[in-house]
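Number of protein chains: 2
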Amino acid sequence: MDLDSQLPHILQKRVIAHIEDDVFYIHNRRRYPHCDEFVACSSPEEIADCLKAMVTQGGGVQQVVLTSMIYIARLMDRGRVDLSLESFENSMRPILEARKTNTTARRLYQRVAEDLSRHPQMLNRHDIVPFVTEKVSAIEDEFDRIYDHMSDLGADLISDGDGVFTTCFAEHTFILSLLKARNSGKDVTAWVPETRPYLQGAHLSAPSLVQSGIDTTLMSDAMAAHYIVEGKINRYMSAVDTLCMDGSAVNKVGTLNNAIICRHFSLPFHVFSVSPDRTKKTLEDIEMEERDPEELFVFENRRITAEGVKGVYPAFDKIPRSLITGIITPKGLYAPDQIMDIFDLEDD
Amino acid sequence: MDLDSQLPHILQKRVIAHIEDDVFYIHNRRRYPHCDEFVACSSPEEIADCLKAMVTQGGGVQQVVLTSMIYIARLMDRGRVDLSLESFENSMRPILEARKTNTTARRLYQRVAEDLSRHPQMLNRHDIVPFVTEKVSAIEDEFDRIYDHMSDLGADLISDGDGVFTTCFAEHTFILSLLKARNSGKDVTAWVPETRPYLQGAHLSAPSLVQSGIDTTLMSDAMAAHYIVEGKINRYMSAVDTLCMDGSAVNKVGTLNNAIICRHFSLPFHVFSVSPDRTKKTLEDIEMEERDPEELFVFENRRITAEGVKGVYPAFDKIPRSLITGIITPKGLYAPDQIMDIFDLEDD
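Protein chains in written order, with this note's numbering: chain F, 1 to 348; chain G, 1 to 348.
Because the hints were derived from the structure by calculation, they are not lab data.
Since we're looking at a predicted model, the values are computed, not measured.
If chains are identical, the list can't say which one is meant, so a pair holds when it fits in one copy or spans any two.
Straight line, CA to CA, 30 Å or less: simulated DSBU-like cross-link-like pairs of lysine-lysine: (1) 180 / 310; (2) 331 / 100; (3) 280 / 13; (4) 232 / 280; (5) 232 / 100; (6) 180 / 331; (7) 280 / 331; (8) 281 / 232.
Using the sequences and the accompanying hints, generate a full structural model.
So this is what it looks like as structure tokens:
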């Protein structure tokens, strides 16, 4: 199956990242919907720089990592990268290390790298591109099935008349859940915080939801409680960047504020995760990214505050499992304290 | 006493509003600190339009209303407004009705109008300007004493090492409290949410605090919980736009989010109010202002989202008294349920 036909423009795989004439193109989420354009990259380092600058982010990083593996295979085929596993790893390293908190993409890379190490005979000009392309394509298909199943579970949670709020850009699982709920006849509205400083809510979530035919309202990051009191919002759903084995999670800064507000009003707070990171037992194991506060200070080349003011931009929040109602995974919907048992160490 | 010398630039009375050659000048808070400029008004309607557009806001509205009374008196002196109480009221009406939720300025106007009705002999060209000017000047002096006293109480609440967060621009009482705490040798830091859509935190609070020598960090509206968990923030303080007789309050949208977060972490949530509005028994009596969502959609002249997305901009939040730790008033620091008794109906 290919989910792309059901997805809004910016979530389609070849929009997020594609290769054309040996140039790697990344869709520029930072300027969308104002501009609909790509950033061209000519080396793994340039791809990594785009990820650091958040040209794409969230699940976009995963698609860039997958497409980058095909790109590196092509460079090997052209003789620009040595035909060895070590060179493959060295080329991928800057891309994998560009953003450190979400580890999903790194784990997908490890699967392909392990396949390559088991089949070293494929490391030749004739086979490397088809081999990597087939592995990546299989992962893309697997994720389409996973997203399709998880959004069935998400749609089931939504009741007729629900107002759902979120944080940042929750992408496939979130948008498909709302779409399927609406297609099954439920009246559902989306309430999107703009998500400063990069405005992923305004730039990405709200336009994608509207393209999917969902009644969507943009609000500032400070308005959720206001509309919960008014009865407009009664549920929270978001993907998370990392799920720990103990059922706690890491997601875009602002998610903790929203989780606390849900708890205060006894609203359900559900998150989507394709799998926990088995190397992260608890939130203590997470490496948290601190971004440059200049990104908060400057908007559209205009400085918003005076010299002498300090700034902060933590990329992510840690969400204790006590604030999470349920976690939607490819294996089903679970309470946080079930994650360890369901995703045991033997199983993948 | 005149507090102005202790206050940052934008809180000084003649900066907020002044009259020069029959033109009424309002300091443009919307463009500060990027530009430090005034908007010139030539009629009560133009002054009202500035208030509606939030050229100044919060306590700035109060100073504009006070200075407007002198302006109208001058128009009476010039023969441009009839020398009658009815004309005085008609001229002031658009200014008083420009923003409906904060009623403090309206109550100050009523005090001067009542003085005028008790002294109708002052409604003549010779006496009207000195009479109104003296009344306004007495109110300004009274507020200087009130702010000085309330900020003594605020400073007493702050402990050495406190990180204080706020909402929007809490002006005199908040800034003087932090300043006095620091001057008494306490180490105090301010954590300022930028306060979208108008960025009063970034434009007004943070620069004013830095001018006052306070260690100040700007954050997005979604980051408070993050820094509470990190132990950087341990207390909330803000002025409120309206205090009800039952001890509940109305303040800038986002204040309810912050109050809930404080409650979750058991942090003190203190507010400043010069007096309750005796016509507002509970939050049910408050007329809430809804602003044009276009103000959310356009950020520094750039449209931030796609066509088809709906928007909201409620100007204020209602804060139930259960979330308020204490209220700092000119009469002292009180629990919300003490307000009714302390400000009884006989007393002013």
